[in-house]
Structure formats: structure tokens, C-alpha cells
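Q: Take a look at the letters that make up each chain.
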Amino acid sequence: MAGVTLTKTAKSYGNVDVIHGVDLEVADGEFVVFVGPSGCGKSTLLRMIAGLEEISGGEIAIGGRTVNDVEPADRGTAMVFQSYALYPHMTVKENLSFGLRMNGNPRADTEARVTRAADVLQIEALLDRRPKALSGGQRQRVAIGRAIVRNPQVFLFDEPLSNLDAELRVQMRVEIARLHSELGVTMIYVTHDQTEAMTLADRIVVLRAGRVEQVGAPLDLYDDPDNQFVAGFIGSPRMNFFAAEAIAREDGGTRVRLTNQGGVEIVLPIDEQMAPGSKVTVGVRPEHFGDPGTGTDIALDVDVAEHLGITSYVYANTRAGEPVIVERPEARKLGAHDTLRVSILPDRAYAFAEDGHRLR
Amino acid sequence: MSRAPERTGASGPAVETHGHGRSRSRVRLTRIIVLHLFLVPLALIWLFPLWMMFIFSTMPDSGIFSPGVQLLPSDQFLTNLAALQEETRFLRTIFVSVVVAVIYTALSVMLTSMAGWALVRYRFAGRGMVVAIILGTITLPYFVVVIPQFILVARDLGLSDTWVALIVPPLFNSLGVLFMRQSFSLMPTELFDAAQVEGVTEWQIFTRVALPLAKPTMAALSIILFLASWNNYLWPLLITNSPEMMTAPVALGTLIGVTRVSWGGIMVGAVLLTAPMLLVFVFLQRFFMSGITAGAVK
Chain Y
37 MAGVTLTKTA KSYGNVDVIH GVDLEVADGE FVVFVGPSGC GKSTLLRMIA GLEEISGGEI
97 AIGGRTVNDV EPADRGTAMV FQSYALYPHM TVKENLSFGL RMNGNPRADT EARVTRAADV
157 LQIEALLDRR PKALSGGQRQ RVAIGRAIVR NPQVFLFDEP LSNLDAELRV QMRVEIARLH
217 SELGVTMIYV THDQTEAMTL ADRIVVLRAG RVEQVGAPLD LYDDPDNQFV AGFIGSPRMN
277 FFAAEAIARE DGGTRVRLTN QGGVEIVLPI DEQMAPGSKV TVGVRPEHFG DPGTGTDIAL
337 DVDVAEHLGI TSYVYANTRA GEPVIVERPE ARKLGAHDTL RVSILPDRAY AFAEDGHRLR
Chain C
1495 MSRAPERTGA SGPAVETHGH GRSRSRVRLT RIIVLHLFLV PLALIWLFPL WMMFIFSTMP
1555 DSGIFSPGVQ LLPSDQFLTN LAALQEETRF LRTIFVSVVV AVIYTALSVM LTSMAGWALV
1615 RYRFAGRGMV VAIILGTITL PYFVVVIPQF ILVARDLGLS DTWVALIVPP LFNSLGVLFM
1675 RQSFSLMPTE LFDAAQVEGV TEWQIFTRVA LPLAKPTMAA LSIILFLASW NNYLWPLLIT
1735 NSPEMMTAPV ALGTLIGVTR VSWGGIMVGA VLLTAPMLLV FVFLQRFFMS GITAGAVK
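Residue numbers (the numbering used here), protein chains in the order written: chain Y, 37 to 396; chain C, 1495 to 1792.
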């Protein structure tokens, strides 16, 4: 087993830099999830660790050994792909054993490893089938099995659940978590689905445009984002942002005016020095609005309300036309054209400077 | 009230369902009839020369040019065949043709697959240029190539009248390269990535993953290449002199003499050359079409 260390790892295609010197330490046995919007380089970074993409700078070490120039097969990694990448002309058993057979692994050992993987994933009954005859979930299980038989030090998952329907995705998510606790090996998992990230990860790495925005435990990222991007990316539905400007420092923080909300003011716990008039973005998660009168009230015109039973998501606009999403467990009767009054609570609101960094 | 015509519940309006079904099948029937009225005559026009080839092969030379048109076979097939064999050692030439076509097809499929694979799998400087040049050679008429090729093979290498001269020069088939390249490029790269991560060697990825998946394309390409070799006339005509190395089409050509043309013999030869190919094509048609159109949808 082994950890993974990235030191100033960079990748460029010609003049275009896609990964900008990433530093990251993944501990032995840790489950790390890379998240970020499409094109942020998360899959590229994973493929660089796997050795499928050459790196243009920096260093990648697996288990303390620099693997920059090591062939993918000799890095001790195994990879699971989004499209499963099962060999369509082979049975499940042949798929699982292909790599070992091609490498001249002793037959008895190959047999034993395949049996064990099939047992772990409960796919014994499928061994003689072709991928065509499997459901999406079964295919993904075989793809994971193909990784298991290699006894890798590090598992790499590239959006493995993206092709599955919602229900199967939940089920497979649980299975991957179970697998991690059973095998205890290092796993690096790429996804754009933040539910997967929040539920599976020991630590989440948020990437944007080839740079690491923040690394931390899921709830730390949720509770204490370093910048506006992470705040907006982690949490579903996403955080609401209101334009504001600083007025003055006072006891307990800084007074800001919400520019588009009829000039209502709120005192936020910001210690950082700011010039009066400097632009601030106030962020409030949909689930963090208070009842009217508990903080700074704003009035919203309801556009659509989604009633999920356990709670309701209200899609509304401020009087200035800014879209706002509010979670209101008790708003079952609310519908379009209604008016909703909510309160921004200073201790549940986040403030960000114009360059996006968190104002604390 | 409108109901889906497929609905056939016990309580559903059965009459209406039937009505829909009937009108639909009537449309289909009309379409089939119109299609056949058009296609059957077309097929007859196509098949007529083939049929006449067969008829002529069973007639004596004297009968072929008699004024009346005969549409049914006569009884001189074996006589014509014997004459053909005597004049050209035709069975030997067929043997040469088969050997050349089989070896050529096997080698060419292998070579073009490897070239196609390299063009898909490896990023190297000038890859686009290589593809463009290969594509460009398709537009060159064969007659432009054949003279320099002849000079090179016959004069410079002194290989005329050899198996090598018959098989090797046409081996690198640009169409085949593009065909195979297309087939490989439609396969998901992740398949090969997965094999690479598993430590499967490049050659094994090619032979154990890519080639099995390219089987339909390879089958279609094989038929095309086999036919091309089987029907090739100009190159074997140029490069062979002795009757020993003559291919069947060239041998047939020799029957067109200055003073006398043995039409019966030529027709027997043509039947013997055409029939196997027709049968092969008819039986492999499904495979062939699926190979050519593979990846066209999706």
C-alpha cells in the first residue's frame, strides 16, 4: 500500500497549460476525491497519476517512489473508467484475467485472484457472460473487479458512476465505500457529482482551471470555504450570492450594504481591513436563511417551488431580479407569484472580496 | 376518441385497431409491389450478361455467332474447357491466381491494419501529413504508378516472373490503410488505456484487443482485396512472361489471338473465374455490408 505525492506537477499541451503545478499529498489508505467543473483538469490529473498522460513538469511519487518515467503498468495503480472499458469480445472472466494472463502470471494465481474479486463484488454468476449481456451496474462492477485482481496500491476512479441511473449510482456509491473500508487501499476518485464527493471522500480536492482551489474534509469545505468558487461549488443547491459594498467597521465586524436589496444593511463578522465602498459578495446557502425578523429581511418573488416532501426548494427572484434559491421545510403551500420573506443571518452568511477570497 | 393503434386490450375498440392495421399493411404491400416492379427488371438487366456468359460457355465457337439468339445452355461446356486447358494450362493459372490472391490478401490486411493502428494510436510529428499523403495516393490513377513500378521491379530488381513480383508491389493498399484506420479510430480509446494500465504490451493490445474488434472491417477489406487481386489484369500481364506464372485473367487474354479468337474457351474461363467470387460474395454479403457501414450510425 502506498500514498501518492504530487510535487509541482504540471501538464501543458503545446503552449496551453492545463495543470498548473499541483502540490498534493494523499496519505496511505486515504480516499481522496477530485471535484471541479468540466474542463478543470481533474481527469487529466488522474491520468497523469496513472501514467496515461506524460507530465510536463514536477514530480509524481507513489509509495515514496518517483514514477515520472515509470510505465503505467509498473506504478502499482489500477484504473476504473467512466465507460467501463470492458473488452466486448471477452467474457467477464476473460476480462478480469486478461491483464494477468498477458503478463504471464501463473494460472493458479490468476484463477484465485479472479475468484476472490468475483466474490468481493458478487459477480460469480456473471463470469461466463459477455459485457453486452450485463446491465450498467454489473459492467461497472466487472470494471472494478478488473482493478481488484491487480492488487494495486492505488485505485484510480475516473467518474465511474456517471453512466449509471440515479438509483444504481447510490447503490454503487455505497459499494465503493464498502470496498474502500474492506481493502483499505488508497483511492483517488474523480467526479463532478458533489454528492459522491461529499459522501465518499476523506478529503476533497476542489480544482478549477488546472489549479487546486482548496483541499479539505468534506464538511470543512462546506462549513469553511476558502473562496467564492469553493463556496459555490460545494453544497447543493448552490450558495446564493448577493452584491454588496463595505460601509464601515464597527463592533463585531464590518457593516455592508446589499446593493440591490433596497440598501438594507447587515453587520458581518469580518475582521479584515476594507476601504469603505469596496465591493463585497455576500453568500448565503439555501438552507441557511432565517425566518423574517431574525436577521436582515429581504423579500422574494417566488418563481417555482419544488416540494420534495421532506423539504421544499423555492426558486425566487429578489426585487432587483437576482435569482435566489431558498430551502424552506415548511413552505409546502408556496407557489409561483407568491411573496416569500426570509432573513439573512449574519452568523450563517459568508463574505467574499472582489477577487473571490473569503473575508474573515 | 383517439387510441393508440397498437392497443389491443380486451375492452378496447377492436374494430378500430383492425382498421388501422389493415390500412398500414396495405400501404406496405403497395410499397413492396412498386419496389419490385422497379427492381426486378433492373436485376434482369444486370443478370442477363452473366447468364449469356454461361450460355456461350456451353456452345461451340461456330454457334456463338449464329444469327439466332439462344437462351438455353447447350452441351459443349466440357469440350470448351478441355480446349481451354490445352491452350493455356488454365487449371495451373487458376492455381497461381488463388495462391497470389490468398497470400496477397492475408499480407495486405496485416500490413494495412498495422499502418492504420499506428496512425490512430501514436501521436507523432507529421502524422496528419502521412495520412494526407496516403489519402492523396488514392487519387493517383494506377496507370501513372504502373510504369515506374514495372521498371523498378522488372529492370532494377530483376524480379519479373516471380511470386514476389506478383504479390509484393501492390501490397500497400492506401484504401485498406484508411479503412482500418477508420475502424480503429471508432473504438473507444479507454479500452486501450485500460489494457495499458494492466501492463498489456502494445503488440498484445493490437492483436488481442483491437484486431478482434475490427473483425467485420477486416472481413470486408479481405473481400475487397481478394477481388482486386483476383481480377487484376494489368500488373500480372506486365510482370509475367512464362505460362508457369501466368494468372487466370492474363491466360484468358492470350486466347484473343491475331488470327483466331476462342470465344467458347474465353467464356468457360470467365465462368470459372466469376462463379466462385459470386458465391463468396452472396454468402458473405451480410458481413461485408456490416463491415463497410460499421460505425456509420452512432
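These are computed hints drawn from the structure, not numbers from a lab. Ideal Cβ positions, reconstructed from N, Cα and C, are used throughout, including at glycine. There's no promise every hint is true.
What the hints assert, rightly or not - What the simulated footprint calls covered on chain C by chain Y, stretch by stretch (three residues with Cβ under 8 Å from a Cβ of chain Y suffice, anywhere in the stretch; the number is not a length):
hint : stretch
1    : 1563–1572
2    : 1634–1641
What the hints assert, rightly or not - Capping the alpha-carbon separation at 30 Å, the derived lysine-lysine pairs in DSBU-like fashion look like this:
hint : chain 1 : residue 1 : chain 2 : residue 2
3    : Y       : K129      : Y       : K168
4    : C       : K1709     : Y       : K129
5    : C       : K1709     : Y       : K168
Q: Give a verdict on every hint.
A: Evaluated hints:
With 0 residues having a Cβ less than 8 Å from any Cβ of chain Y, the stretch 1563–1572 of chain C misses the three-residue criterion, and the hint is violated. Against chain Y, the stretch 1634–1641 of chain C contributes 0 residues with a C-beta closer than 8 Å to a partner C-beta. That does not satisfy the three-residue criterion, and the hint is violated. Among the hinted pairs, K129/Y with K168/Y is consistent with the structure: their alpha-carbon atoms are about 14 Å apart, no more than 30 Å. Restraint check for K1709/C and K129/Y: the C-alpha separation of about 22 Å stays at or below 30 Å, so the hint holds.
Among the hinted pairs, K1709/C with K168/Y is consistent with the structure: their alpha-carbon atoms are about 17 Å apart, no more than 30 Å.
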